[in-house]
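Using the numbering used here, read the sequence shown as starting at 517 and increasing by one per residue.
Some hints here could point you the wrong way.
What the hints assert, rightly or not - Think about it this way: if two alpha-carbon atoms lie no more than 30 Å apart in a straight line, the pair counts; the simulated DSS-like pairs of lysine-lysine are:
#  : residue 1 : residue 2
1  : Lys550    : Lys533
2  : Lys611    : Lys588
3  : Lys558    : Lys611
4  : Lys664    : Lys550
5  : Lys533    : Lys680
6  : Lys587    : Lys680
7  : Lys558    : Lys664
8  : Lys558    : Lys588
9  : Lys550    : Lys611
10 : Lys587    : Lys628
11 : Lys533    : Lys639
12 : Lys628    : Lys533
13 : Lys639    : Lys680
14 : Lys533    : Lys664
15 : Lys524    : Lys587
16 : Lys611    : Lys680
17 : Lys587    : Lys533
18 : Lys588    : Lys524
To be verified - Distance ranges between label pairs, derived from CB positions:
#  : residue 1 : residue 2 : range
19 : Gly604    : Glu532    : 28 to 34 Å
20 : Gly604    : Lys628    : 32 to 38 Å
21 : Lys664    : Lys639    : 16 to 22 Å
22 : Lys639    : Tyr665    : 15 to 21 Å
23 : Leu669    : Lys639    : 20 to 26 Å
Read the hints as simulated data drawn from the structure, not as lab findings. All C-beta atoms, glycine included, are put in the ideal place defined by N, C-alpha and C.
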Amino acid sequence: MSELRVAKHNFSPVIEKDSRMLFLGSVPSVASEKAGFFYMHKTNRFWRILGEIFGENLYDASIEQKISLLKKHRVALYDSIESCEISGSSDSTIKSVVPADIPALLSLSEIKRIFCVGTASKKYLLEFYPELSPLVSVLPSPSAANAKYSLALLTEIWRAEIEKYFDVL
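With these hints in hand, go ahead and build the complete structure from the sequences.
Next comes the structure, spelled out in structure tokens:
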């Protein structure tokens, strides 16, 4: 196991006043911290899944294009943890959590649903903000470490959960 590092957000949330849904990760990975944006590890399937759901090529898009496409679809993006200690990028090693101010983020927008990307996101969100529980859905992690789910199955599960609340196309 690698040493604990302090993970801090060095980039801002993607959010607009008309954002209607929030995809909430746990904490930036080492690759995301280095790139300065969300889900930037090449094996993470987040951008492929959203691309399939919204009919856009998000995987090969630049950060600027990803932001533009998120805004086009009224999608906000952030993490439940502002900073913590973590070994590598493994959510199971998270300690000393400082939560992100998600209620303040919600007050800036029209967000009606929070899609927690993985169980760690939900765990830390509701540990600090249990009142948000009625807004929360949990999606299986798109991490390559979550190998029991194929890209097709993840996309199917994510699409079904999102379509319970929104017409995505």
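Inset, instruction - Identify every previously stated hint that the structure contradicts and give their numbers, smallest first. - result: 2, 14, 16
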